[in-house]
Each structure stands twice: as C-alpha cells, then as structure tokens.
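Visitor: These protein sequence lines map, in sequence, to chains A and B.
Note that my numbering has the first sequence beginning at 1, numbered continuously upward.
Note that my numbering has the second sequence beginning at 1, numbered continuously upward.
Treat the hints as calculated values from the structure; they're not laboratory data.
Fair warning: there could be bad hints in the mix.
One copy or any two copies: either way a pair holds, since identical chains are not told apart in the list.
Stated by the list, open to error - Below, a list of computed lysine-lysine pairs in the BS3-like style, where the Cα atoms sit at most 25 Å apart:
| hint | residue 1 | residue 2 |
| --- | --- | --- |
| 1 | K67 | K25 |
| 2 | K309 | K151 |
| 3 | K204 | K316 |
| 4 | K303 | K204 |
| 5 | K151 | K316 |
| 6 | K185 | K344 |
| 7 | K151 | K303 |
| 8 | K356 | K59 |
| 9 | K192 | K59 |
| 10 | K103 | K333 |
Every value quoted in this text rests on a predicted model; they were computed, and no experiment measured them.
Protein chains: 2
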Amino acid sequence: MTIYSFDRLQQFALNLFIKIGCSRKQAIEAAQVLLSADLRGVDSHGVARLMGYLRLYEKKRINPQPKLSVIHETPSTAVVDGDAGLGLVAGPYAMRLAIEKAKNVGTGWVAVKNSNHYGIAGYHAMMALKADCIGISMTNASPLVAPTYAKERLLGTNPISVAIPAGEEPPFVADMATTTAANGKLEILQRKNESAPLGWLQDKEGQPTQSAQGVVEGGALLPLGGDRDHGSHKGFILASVVDILSAVLSGANYGPWVPPFVSFLDPNPNPVGEGIGHFFGAIRIDAFRPASEFKNNMDIWIKRFRNAKTINEINKVIIPGDPERHMEQLRRKEGIPLLNNVVKDLQSLSEQYHVKF
Amino acid sequence: MTIYSFDRLQQFALNLFIKIGCSRKQAIEAAQVLLSADLRGVDSHGVARLMGYLRLYEKKRINPQPKLSVIHETPSTAVVDGDAGLGLVAGPYAMRLAIEKAKNVGTGWVAVKNSNHYGIAGYHAMMALKADCIGISMTNASPLVAPTYAKERLLGTNPISVAIPAGEEPPFVADMATTTAANGKLEILQRKNESAPLGWLQDKEGQPTQSAQGVVEGGALLPLGGDRDHGSHKGFILASVVDILSAVLSGANYGPWVPPFVSFLDPNPNPVGEGIGHFFGAIRIDAFRPASEFKNNMDIWIKRFRNAKTINEINKVIIPGDPERHMEQLRRKEGIPLLNNVVKDLQSLSEQYHVKF
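Between the sequences and the hints, there should be enough to build the whole structure, so can you do that?
Guide: Structure representation (structure tokens):
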C-alpha cells in the first residue's frame, strides 16, 4: 500500500487520457469522474480501472474522440448517442442535459446508448444538487448476476444512485449496486483469500457458496436479498428495471448482451443494441414545492434518522452519503492509498504510454 | 375459507363506499382499485382492508367527499392535495395527470399529499400501459420498519411498482415492498402460528427473531437485505427514497410521523405534513424511441430471461407480473377465496351499514 496525493493521481489520469487522443476538455472531465471514486472510497471504480479502460481503447472498443449527440428529444426527455466513447464523458454530458430540461419543464430524463463504463453512479447524480434538483443515475453493466432460480449470469451489478439536497445538513447521497454485495467488496475478499458471507454468490451450478472465487470460477453474484426467502426476486426486479431504462429505452445492449468490461472477452457477435446504456434524471425541487421548505423538511428527516434509538452504542444509523463524504475529506487532505498491484498497473501504463506517473 | 365472485365483492365495496357518502364515480373507482388486489392475489390489500378504511372514516380520518386539487404544477410535474380522501381515489387521479403530462412533454411526475392508503401500488403503475408509457407508483406507509442498526420503527414497507409495456409478451409489472418480506406475508404466518425465516424481522430490542408475532410485540420488519452483511442498508435506502419522493416532495408526513393505518392508534399530535404521500410517474416510450422498437426489444428481453438456464427443473425464472396475471385470470373465472375472519368483518360491516353483502 502506498499513498498518493489526489492531485498527482488526477494529473496522471488526465495526461493518459490526453495521450490516447481525448480532447483536453473531455480528459479533464473523465479524470475528475474517475478520481471522485478514489476520493469517496469506492476504490474499485477509480484509478484501479485505468488499465481496464486502456485495454479497451487498445482493442478499439473505446473511441477517444467521441462526438456526443442527441438523437431524439422532447421537452423532458432525450436519448444521447455516446459514440463508443468513455462513459466518464457521456455521463456528465447527459446529466447536464437532464438538468437543463428540469430547469425548463420541471424534470429531465436522459437515456444513453453506445457508451462504456461511467465510473461511480453517484458522481453523476450529485451533479444535480447544485441546481437544487434531485439527481438520479443508473447504468447497466457486464453480466455477473444470476436472476433468482437461474444459474446463468444475465445482469450486471446495475447500480442506482439518488442524490437529494438538504438545507443545513449535507445532502442524502445513495449509491448502491442492486446485488447483495458490490463486486468491489468481493474482490477485496478474493485478494485477502477470505470467504464471503452466504447470500453473496453462488457457484456455477447455482449452489450457495462462500468461496470468494465463486464468480471467477463461473458462478454468479446474487441479487439483493440473496435467496427467494429473503427477497432476491426484488433485487432481480431492481437490476432488471435499471437494465430496461438504461438500455431497452436507449437502444443499448441489455441483459447478457452487455459487452464485458474486460478486454480479453469479446462482445457478443450478435448484439441487440449499441454499447452499454445509462439512464439519468433530474427533478427540480421547486417544480413541486419551494426549495427552502423542502430543504427544511429534509433537515428534519435526516436529523430524526441520524438520532434514531439504536440496538447498540457502537453502530448509529448511517445517512446515505455520510461515510463517502468523510472519506473524501480525509483523502483530499491525507492522500489516496493504492494497493501494490494497482501501483504496478499505473507504472506499467506510465512506461507503455510515456506519461509521467 | 369461502369463495365469492368478483362481481359480488366489488358490488359490496362499491355500495359501502356510496353509503358513507362517496360520489358514485369515486366509489366505482375505489372499489375497482381495491378489488384488483383480491384478483391479483395480494389478499392483504383487498376487501380485507375494508374494515380498516371504514374505521378510519368513523374516526373522521377519511373524508368520503374529497375535492382533489392540483396545488402546484409545471409542464412535467404536479402536486395534488388528496383532501384527506381515500388514496384509492387520489391515486388514479394523480396517475391520469402524470400520463397527460407525459403525452405533452414526454414524462409526467405527480406527488400527492394529504392522502390515505392507496391499495396496491401496481394498479396505479399499470394504468400507464394503455398509453404506451412506463408507469411508476410508490407510497409511504405507517412506520413498521427499522433502519439498519436502529431499534425504532421509522419507515413503512414503502412499496415501489414499475409497469413496462411489451409487444407480444405480457407487460413487465413489478410491485414490491422495500422490506425483505411484505407485512401481508408475515400476517399469513401469524394466522398459521408458524415462524418466519431469519432476516424478516427483529424483536423490540432489535435482536433477530423468528417469531411472526415480533412486529405486533414492538419489534420491526427489516429492510430488504435483512442485515448489514446482506445489504439491509440498501433496503433502507430504497424505503427512504420512496418516503422522500412521496412525502417530503409533496408536503405529506414522512418517516415516523406517517399516520397509522389502524384506527385505534392516533396520528402524531405534531405532524410534519398532511396525511400520507404518494409519488407517480409516467414515461412515454416514444419520447425515447419508437414504441414498436422498444416493445420488440422488451419481447426479446422477457423471452431471454423466461428461458434462462435454471438451477433445477421445478423453478423457472419468474418475469415480474406473471404470477399475479395468472392469479387474476383464475379468480375472475373461479372466484376469490376469503378467510373466515375477513368474511366475518364484511358481514359485520353489512349489518352496521345496512348494505347487502
């Protein structure tokens, strides 16, 4: 483990994106989205993914100079073609459009097709906060998850993020995979060679397993709930709705057709759409009630839940977004710790692309 | 258990609503929403609730002659004041408005305050299907659910329904409580004196319990996920988002302030809003892409998931809405079975209100 400053890592990501041909403007934005994951403690989605993005670029599966375009729109909706570029760039473009529409007609909803991985869902949702909007962000992803009763991987971990402004209190920012546990958490156990709780995954025959290697060995992550008795059909519903809004509505690939993030697996030769899909929403608060009234009530809501009577003295009720905000404050000041294998990846990218690390 | 025809039960509910002063138009609609629960097999939300509604009416907590009004709107949004009437009436009113707005500007989003219980979430979401819209419906409810780490009941079972049109295939209709198990399922175990799976509820000290009486004895239902290791913070997030969109956005009561459904418990003397809240959405498909294209792809999606390789021969992957649709076909033909205590309730209402059962 080595600690790097935020500025140094962001500069490296930025220079790397410029090196492969991104415009300066897009590279700045992509690096910012990427680094927000490292800052917020979602280590699996930050610079640890740079190698993955670059390998896809090398396979010509990521276009470094996408021309983003609106291919259809109404006053409150739009479909954006990501032109096979970085989702890190298509995401903010689409979210800005959603916010613009919310300013005009109360809400804005933008579906994106022909995109790639867009970093953490929460970054995009949080863009809405400054405009006094509720922000919503979701994306489909490479199939790793088996529906209830299935032994096939047909869905991604398809996250949902919702960011809601408050007044004196910090905003409510939820960002969750629709599985029992995010793949990033499983990867941590894999590296430590530890076992996973029952309910996180199944083996390739669909049987419960605690082996953290289960997914690598042909098994699957389980939808939130884990099994039927504990509501896994609801996790399946959530992942399905994310898939349909992100991809069936936009014209992207869905379900098992979503292209794999890893470059050593080829996309399905008979796609049902273009690239992967995202879905964004912005809801202007004062399209419902005065923003000040809403924020006062959000403060009451947050305080009441934060101060709930708890089962023990140690664990308080966690308001969504609190842990990530504390982590960001800490890491901006003290730096971002990277695992040795991530450092090695970045060093190897530095040599390969002649970009100073 | 006795079986009654759909027509007979619907006529009884209709006559009862008229007897307490509902307009004929509102009574027809309320009876239809209520009975859709019995048809679809959600027995806890159908005529079994009539006694509950009537007791609230007797306590003057339900206004039989509400004047529904739009108190604020933009091209894609509105807030409706339910005037303390039946949610069974406010729901369809608000959903029609959402669909109208979707026709005009692509999507429509309507928050409702000052309402009461609105029946099954799915009825309202499904209203959008005929208009080639995706329908969304959610509501907050009396506090029965403890957030992760809390021993207080601060949230309702806050359901979410999403209805999505398909082509040759029947629509995708999800309707789920944001708890591990809906309260209705627990009530079935209570009646049978059976124990519940771990992860469904906790006792009044916040400890896991399998006693189905746990909630009655001061315990709480658990958010989807069950415990922190299995993602209960995500169920807490979902229930919170439903609460905030339904009530903080509309001006209804939220969290622990939501008035109890049972008439023997009084509402909080210091409310933070008016009545309970709902939130509805309609997304016009062709505000994104031609409806025929979308529906073709939904057919592919549904067929692929329905035919997924399964773990065993018995359990196939269930497309949301399939079991309820089959139940409705069956019960329209063969009638609706009612438990003896429900029949007794209806007979006693029949005598009290001089309405033929």
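Visitor: Evaluate each hint against the coordinates.
Guide: Hints versus structure:
Taking identical chains as interchangeable, the C-alpha atoms of K67 and K25 lie at most 25 Å apart only when both belong to the same chain, with a minimum of 13 Å there against 54 Å between chains. In this homomeric assembly, K309 and K151 come within 25 Å of each other (Cα to Cα) only across copies, at 6 Å, whereas the closest approach inside a single copy is 41 Å. Taking CA atoms no more than 25 Å apart as the test, K204 paired with K316 passes between copies only; the shortest distance there is 17 Å, against 38 Å inside one copy. Proximity of K303 to K204 under the C-alpha cut-off of 25 Å is restricted to the inter-copy arrangement: shortest distance 22 Å between copies versus 45 Å within a copy.
Taking the closest pair of Cα atoms, K151 and K316 come within 25 Å of each other only across two copies (11 Å); inside a single copy the shortest separation is 37 Å, beyond that limit. Within a single copy, K185 and K344 get their C-alpha atoms as close as 21 Å, which meets the 25 Å cut-off; across copies the closest is 52 Å, which misses it. In the homo-oligomer, the alpha carbons of K151 and K303 lie at most 25 Å apart only across protomers (16 Å), although the nearest pairing inside one protomer, at 43 Å, exceeds that limit. For the homomeric pair K356 and K59, the shortest alpha-carbon distance inside one copy (23 Å) is at most 25 Å, but the shortest distance between copies (74 Å) is not.
In the homo-oligomer, the alpha carbons of K192 and K59 never lie at most 25 Å apart, since the shortest distance is 31 Å inside one protomer and 60 Å across protomers. Taking CA atoms no more than 25 Å apart as the test, K103 paired with K333 passes in neither setting, with 35 Å inside one copy and 50 Å between copies.
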